Amino acid sequence: MKPTIRSPKFLYLVVIRSVVPLLFSFAFSLDLIYYYEQVQMDALQLVLVGTMLEFSVLLFEIPTGVVADLYGRKPSIIIGFFLVGIGLGLQGVIAEFWNILVCQVIWGVGVTFLSGAVEAWLSDEVGEQHANDLIIQGTRPEQIFSIAGIALAAMVMPFNMRLPLLLGGIGFLIVTLFLWVMMPEKGFQPSRQKAEPFWQQMKATVVGGMKEVRRRPNLRWILLLSVFLAIYTEGFDRLWIPFAMDSYDFGVIGPERMIGGAHIIGKVLIFFLLGSLHKRVNLADQRVLARTITVIIFLLFVALIGAVATPWLAAALTAMVLASMLREVLSPMYATWVNYRLRPETRATVLSLSGQMDAVGQILGGPAIGGVARRFSKRVGLGFSVLLLTPAMWLITRKRIRESDPV
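For the sequence shown, position 177 matches number 185 in my numbering, and the numbering has no gaps at all.
No lab work stands behind these hints, which were simulated from the structure alone.
Just to be clear, a hint being listed does not mean it is correct.
The calculated lysine-lysine pairs, modelled on PhoX-like cross-linking and capped at a C-alpha distance of 20 Å, are [said to hold, decoys possible]:
1) 17 / 194
2) 194 / 82
3) 194 / 275
Keep in mind the model is a prediction, meaning the values are calculated, not measured.
All chains, please: the whole structure from these sequences, using the hints.
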């Protein structure tokens, strides 16, 4: 029996895992070119935009999650996509720094409404086992449509830099209206637990985390590693494209098409690389996994240096593609490694803390890197961000010695 347009399977695979990734990559893959060229942001402003987004997500993650548990997954999803659409579209309407900053808060809050709500809705409607199958099934269309979105942005931006954000925002508003009309919600059961105020939940997380750190000293190394693996990313991600536009001659092709093409090549290579690594690396062997992660971090360090130091555009693009691939590979491997290191009774607390430390690392590192780049140059700022990765290399080596001690 074929799924109907109102069926959870159709809505999840076609709308949420195909159309939504297309819109996201269309709007965001080259947005930094718009910020730099048309909004004319400096290095610090470019980084502050990303920092504001991360701070909004960190601050609103817990309170917005209450909506999905108490009032329904569908309302949370509808609100989320609506805010994302507004936050994107308005960026294309007013090309001013203050507006871009406000929009980061709007669409960042929208993302927190979506976080966890989509998967929870799917599980409610089709059952946990079928939901897991659909989540895996949705990986391929998500990758394909993400690549299509990048290609579309690369074609559109040379003619009008505002269009990807404007059309992306309108697209999300259409998705919002479509889901509002078509999305069923028959399996939702409201939580009977009284929701604690946000500050009490945050206090409980912090107090519980501090207790775990005192009880299990090795935990501090995992949390520190999460910080230092994240601390360089916000500055590097926000500054490299403007740095490349200042430093290299893109010729008649232009930065939009050339950088977009590099993104597409990276996405395709990552697709094949992840499949190959899953076959070749024994993820169940913690020692093999730890050694692989260590090698990836060292290679990432070298690739990032190459992306900043080389005088040739082709070499810089190659280094950035390599760095992107290594980061994509590192993320699931690191999550698996941390998961192996945890006792069942502390797993949820530690994973939550690790995720928060990732956000804290980006919030701390971004403005510092942006400040250095504004004071000296983008190249110096990017070099400083690469140096911030060095503590992670030391920490992962230290943790390998203590692999046998779960926390």
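Do the hints match the structure? See the list:
A C-alpha spacing of about 14 Å is found between residue 17 and residue 194, which places the hinted pair at or below 20 Å, so the restraint holds. Restraint check for residue 194 and residue 82: satisfied, since their Cα atoms lie roughly 10 Å apart, inside the 20 Å limit. Straight-line distance between C-alpha atoms of residue 194 and residue 275 comes to about 37 Å, which puts the hinted pair past the 20 Å bound.
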